[in-house]
Structures are given as C-alpha cells and as structure tokens.
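Student: So the chains spell out like this:
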Amino acid sequence: MIQHLLDGVLTGSYLSLGAIGLTLVMHILRFANFSHAELLSLGAYAALVCDALVSGLAPFLTVKLAPLSLTGALIIAILISMVLTGLSALIIDRLVFKRVRERGQELSMVFASFGMALIIRNVIGLIFGLSPTLYSRDIAFAVILSRDPLILVKPDQVFVLIAALALMFILHLILSRTTFGYSLRAVAENPSLAQVNGVNLQRTIMAVWLIGGGLAAVAGVFYGISHQLIPVMGRDLVLPIFAATIVGGIGSVYGAVLGGFIVGVAANMALVVLPSGYTPSVPFLLILLVLMIRPHGLFGEARA
Amino acid sequence: MIGIFSYLIFFATTASILAIAVLGLNLQWGNTGLFNGGVVAFFGAGAYATLILGGTAQAGHLGGFGLFYPLALLGGMAAAGLMAWIVGLLTLRLRHDYLAIATFGVAVAFENLMRNAEWLAGGAKGVRGFERPLRAALGDGFAYNLLFFAGVLLILIATYLFLERLVASPFGRLLRAIREDEAAAASLGKSPSKVRLTAFVTGSVILGLAGGLYGTFYAFVSPQDVLPTLTFQIWAMLIVGGAGNNRGAIFGAFLIWGAWTLSGWALSRFAPVDVQLYTGSFQFILIGSVIVGMLMWRPQGLLPERLVVSQRGKPQSTQQGE
Numbered sequence: 001m002i003q004h005l006l007d008g009v010l011t012g013s014y015l016s017l018g019a020i021g022l023t024l025v026m027h028i029l030r031f032a033n034f035s036h037a038e039l040l041s042l043g044a045y046a047a048l049v050c051d052a053l054v055s056g057l058a059p060f061l062t063v064k065l066a067p068l069s070l071t072g073a074l075i076i077a078i079l080i081s082m083v084l085t086g087l088s089a090l091i092i093d094r095l096v097f098k099r100v101r102e103r104g105q106e107l108s109m110v111f112a113s114f115g116m117a118l119i120i121r122n123v124i125g126l127i128f129g130l131s132p133t134l135y136s137r138d139i140a141f142a143v144i145l146s147r148d149p150l151i152l153v154k155p156d157q158v159f160v161l162i163a164a165l166a167l168m169f170i171l172h173l174i175l176s177r178t179t180f181g182y183s184l185r186a187v188a189e190n191p192s193l194a195q196v197n198g199v200n201l202q203r204t205i206m207a208v209w210l211i212g213g214g215l216a217a218v219a220g221v222f223y224g225i226s227h228q229l230i231p232v233m234g235r236d237l238v239l240p241i242f243a244a245t246i247v248g249g250i251g252s253v254y255g256a257v258l259g260g261f262i263v264g265v266a267a268n269m270a271l272v273v274l275p276s277g278y279t280p281s282v283p284f285l286l287i288l289l290v291l292m293i294r295p296h297g298l299f300g301e302a303r304a
Numbered sequence: 001m002i003g004i005f006s007y008l009i010f011f012a013t014t015a016s017i018l019a020i021a022v023l024g025l026n027l028q029w030g031n032t033g034l035f036n037g038g039v040v041a042f043f044g045a046g047a048y049a050t051l052i053l054g055g056t057a058q059a060g061h062l063g064g065f066g067l068f069y070p071l072a073l074l075g076g077m078a079a080a081g082l083m084a085w086i087v088g089l090l091t092l093r094l095r096h097d098y099l100a101i102a103t104f105g106v107a108v109a110f111e112n113l114m115r116n117a118e119w120l121a122g123g124a125k126g127v128r129g130f131e132r133p134l135r136a137a138l139g140d141g142f143a144y145n146l147l148f149f150a151g152v153l154l155i156l157i158a159t160y161l162f163l164e165r166l167v168a169s170p171f172g173r174l175l176r177a178i179r180e181d182e183a184a185a186a187s188l189g190k191s192p193s194k195v196r197l198t199a200f201v202t203g204s205v206i207l208g209l210a211g212g213l214y215g216t217f218y219a220f221v222s223p224q225d226v227l228p229t230l231t232f233q234i235w236a237m238l239i240v241g242g243a244g245n246n247r248g249a250i251f252g253a254f255l256i257w258g259a260w261t262l263s264g265w266a267l268s269r270f271a272p273v274d275v276q277l278y279t280g281s282f283q284f285i286l287i288g289s290v291i292v293g294m295l296m297w298r299p300q301g302l303l304p305e306r307l308v309v310s311q312r313g314k315p316q317s318t319q320q321g322e
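Chains V and Y supply the protein sequences, listed in that same order. Take 1 as the starting number for the first sequence in the working numbering and just add one per residue. Take 1 as the starting number for the second sequence in the working numbering and just add one per residue.
Think of the hints as simulated: they come from the structure by calculation, not from any bench. If you're wondering where the values come from, they're calculated on a predicted model, not measured in any experiment. For each residue, glycine too, the CB sits at the ideal point set by N, CA and C. A couple of the hints might just be wrong.
[To be verified] Cβ pair distances, simulated, as ranges:
#, chain 1, residue 1, chain 2, residue 2, range
1, V, L57, Y, W297, 39 to 45 Å
2, Y, P170, V, S192, 32 to 38 Å
3, V, M269, Y, A158, 26 to 32 Å
4, V, I174, Y, A158, 58 to 64 Å
[Stated by the list, open to error] Covered by chain Y, per the in silico footprint, the following chain V stretches (three or more residues, Cβ under 8 Å):
#, stretch
5, 31-43
6, 97-106
7, 113-126
8, 236-248
9, 268-278
10, 282-294
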C-alpha cells in the first residue's frame, strides 16, 4: 500500500512535468495537442543520443554519481535535450500547427496533432528500432527503506522526484515574479487585451512551446530512467497526461502539477483493487469522475 | 481470373463497411463539428455486441444468445449508441476538446477492457462461434461472398440516402447552424447541447452498424480489431474525401483503403525482409502525412461540402450560401 503510494508519487513527478507544457498549450493555443506526449519521446531519445556524444567527447563524465546510476554526461545530455526538444516543438508549430491555425478551425488542429503524433512516433521507431533501450545497462539496486512492510526505493527515482519539484519551483518563480510570467498569464486570460497592452503574442506563443518542449524532454528522460525508452511511449503517456490537465483544470499550471501526482498515485493505488492489466484505463476513469463532479477541474475556470 | 474477382469482392466489401463508418463520422464531424477521437470504440461496440448477441454459446464468457441476425445487428447498434449517449451526456456541454479527449479515452479503455475481461468477451482470444447469417443455405463459397457484398452495398446505399435526407431536413440545417454559430442558434431558441447529443448518438449508431457488419464478415472479433489504427484510417478517409460531403466520405473510404492495402502489399512484396518489420511504421507515417498534408493544403477535402441554399433569393444573389 505505502509502496504503491510511493511509486505513484514518483510516477506523478514525470506526469506533472509533461502536463505543465500541455496545459499551457491547451490554454493559450486552445487546442488539445495529442502530439505533446511525442515531445516526451523526442526528448528522451534526444538525450540518449546526446549522452552518447557527450560520453564520447568527455569520457571523464561517464563516472556514475553514486549512489545514482546517472552520469554527469547524462545530466548534460538532459540540458541539451531540453533545448533541442523545445526548438523541435517550435519548428513543428511553425511548419504545421501555425499553418493549420491560420487556415481552419480549432478542431482541425486536433486532427493535425494526431497526424503529427503518428509521424513523430513512427519516425523515432524507424531510426531507433522498435525494441526498448535503456540509458544505463547497469542494474540500479533499490534501497530498502523498511522491511515490514517492505518498501523499496531506487536512488534514481528520488533524484527524479527532487529534480522535478525543483523545476516546478523555478517555473513558479518565473510565472509569479517576472514580467514574462505576467505577460504569459495575460495572454492566457485574453489574447487581444494582452496585445493592446503591448504583449508580443508571437513571442509568447514561442515561449510556451519552448517551455513546454523543455519540460517534456525532462519528463521523457525521467520516464526513461524510471522505466525504459521505447518509441511507442508517447502512445501510453498521452492519456495520463491529458487526465492530469483535466483533473487540474485546463490552463492551470499548479493544477497540472497536482493533477499529475493525482493521476500517478491513482494509477498505482488502483493496483490494490484491480488486476494490473486494467492500469491503462485508470486515467480515463479519472477523467470521467472529474467531468461528473467538477467539470472544470480543481483549479480551472469555465470557458467555452 | 476468378481469384482476382473474388479478391475485388473481398476488397469492396471491406471498403463498403468502412464507408458506412465514415458516413457515421461525417454526421458527427462534417455536419455537426463534433470531434470523435474514439471512432474505433463505437465500431468495436457494434462488432462485439453483434457477435455476442447473435453467436452460439461460448465457454467462459458472455454470449450464446443466438438471436435472429437482424436483431443481433440492431443490438450492436444500440450498444454503440448507448456508449455514445453516456460519453456525450458528460462532455458535450463542455469545451470542445473535452469530447476529443474523452472519446480518445473511451477507445483506450474499451480496448483495454476487451483485452483483459475474459468473462465478458473472451479477452485476448476474442469472440468466436458466430454463425454467419444464411450460411447454411449458401455455404462458404464465392456465392456467399457476392451476396454478402450485395447486402453491405444495399446497407451503404440506405445509410447514404438516410443521411442525405437528414442533412437536407430542417434538422440538418439546425446541425450546420450550430456548427457555424452556436450562440446565434441558441438565440433562436434551439438547444445546441441537445441537438449535438442527438447527432453524436446517431453517428455512433451508424459506426456501430459498420462494426456489426465487420464482425459478421469475419465471424470473429478480437482486441486486435479495436486498435487506434482504425480511428486514424477512418479519419483520413473523411478528411481526404471531404468533411461534410457524404459522397466524398464514400469516395475517401475506397481511396484510402485502396492506398492502405496497396502500400501494405507493395512493402511485403518488394521491400527487403529486414525492412518488412517496419511495414506498420511506414504505413502510419503515410497516414499521418496524409492527414496533416490535407489539413495544410486542402482542408476542404477532394470533394468539398456543397453549400445548401434553402431559400433562393433573386437570381443575382443565388451565390449566397446557407
């Protein structure tokens, strides 16, 4: 029971990171981006490549940072991957979403995002092969926190949780303390009014993609560290991340953080009552529950 | 020669069944602007319910009701409609993309349930033991397939005529009015959420009909038949054919199904063996590119929606639509 709760919190840390970017995009560009989960895969695989490159260029970074299985090279690779994934999100928007946005209705964007998800997922599959890979082949030993009840935690997972919380705190400071944060929230509230007051809409949209992509990259790497890297990981992550945004309320960053943890904990706690085969349905049940009780989520507001 | 002909019949039967599904989606997306992200769940509900209701008794899971075939098919349609009604009731009042996410979730959960719940529909093994209608009289040969195709074609035509009349009726006008300007329609005393729910359920019943026919055609359905792939294919058919145009929907179904079959055949025939593992990946990239490409360069589809002029004014102003 406590083990499931703990696993849920650890799962929640990467779901939250993924959901923050998604909720911002859904709020500001007003469409459900089904290709957001593919940014997680993109980031995870970009980090895999960068890790190999950095390790090759600077072999002294390949020493493990005990007790973690992480290396300095992987941490640098994560930072590079954040930038690369953010830029990819920007390029995808330029090439596809921006054009569809200018031509059609909001919902055409949803179709386009499904199409992009199919393309990205399968191109990754073509490049890296369909079988799973890992960042480190070494076995990461779990630390026993307590023997009765048995509670196991891997040091890597603790690192993931702390790093995710640190990133969220930095984002909180940016949103609440900087002019950029104000303009971002202003655009989310009312794009035209924000523009009248001198906020550059195009630049804000670019920033949203950069932030969303960067956080998605970290989320993808953390998923890869906790589980494994596989081209179809986006397919399995898309529903939990959407559930996190709906539970938290579309547009609310803090809601997305809380929603991510709620979805993670619920999916793991469900193992107590349901056979593990049903885990993929849990986010959907959570969505239904929220729509029935509080349709606009915990922190969301009604908007047509 | 008979081989090619019987293959063509097989191809045309599958394409016609898919065309019925595309017509159902067209009512939802093309005419009403409702985004159904879980087409395959409603299709699958039709297939599963038809086989369970019309099949012989099965060990270990629900089934063996052995209903008269048309009743079983109606049951399949009802199952799809019921599912749509529940989802629609919860989401249609909310922001548009809630429906997209919720229906996508329905599809994931449906596949998940069918794969795991052995007591319900045989789990991963699927539902077997279904006797195709009139099989005792006609056997399994070419004559049966030809007759089955004729039946499917008749149902396709009937669905087409039904939808054409529906779209031309005052109700169809109401659907377009809500799609174009919800506030204006509401100001005229119409209830957008109620009308949307009706259209969503009707479209899903048609999807269930297509699913029921699909299940009947193969006399077997398993979780492999309700993968998200089918949703993407049916969308591509509608977007390529032309959303809002029923003829476009049918045209798109045959075109995309032809392209899909042909690309699969070409890859298995000409690609080296080690590349064939990636056949699925290539086909998905293809279908994704078709969807994105159409939305970017020809969002109205190959056969665009025709403007319906309800009241013709003076000759010089006839070009005004709706």
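Student: Would you mind marking each hint as holding or not holding in the structure?
Tutor: Evaluation of the provided hints:
For V:L57 paired with Y:W297, a C-beta distance near 42 Å keeps the hint of 39 to 45 Å intact. Remark: the range hint 32 to 38 Å for Y:P170 to V:S192 is upheld by a beta-carbon distance near 36 Å. One distance hint, 26 to 32 Å for the beta-carbon pair V:M269 and Y:A158, is violated here, with the actual separation near 49 Å. Taking the beta carbon of each, V:I174 and Y:A158 are about 59 Å apart, inside 58 to 64 Å as hinted.
Residues of the stretch 31-43 of chain V lying with their CB closer than 8 Å to a CB of chain Y number 3, which satisfies the three-residue condition for coverage. Restraint check on the stretch 97-106 of chain V versus chain Y: 6 residues with Cβ-Cβ distances below 8 Å, three needed, restraint holds. Here the stretch 113-126 of chain V counts 11 residues with a CB under 8 Å from a CB of chain Y, which clears the bar of 3, and the coverage holds. By the rule of at least three residues with a Cβ nearer than 8 Å to a Cβ of chain Y, the coverage given for the stretch 236-248 of chain V holds, with 5 such residues.
Counting residues of the stretch 268-278 of chain V whose beta carbon lies closer than 8 Å to any beta carbon of chain Y gives 3, which reaches the threshold of three, so the coverage claim holds. Counting residues of the stretch 282-294 of chain V whose CB lies closer than 8 Å to any CB of chain Y gives 7, which reaches the minimum of 3, so the coverage claim holds.
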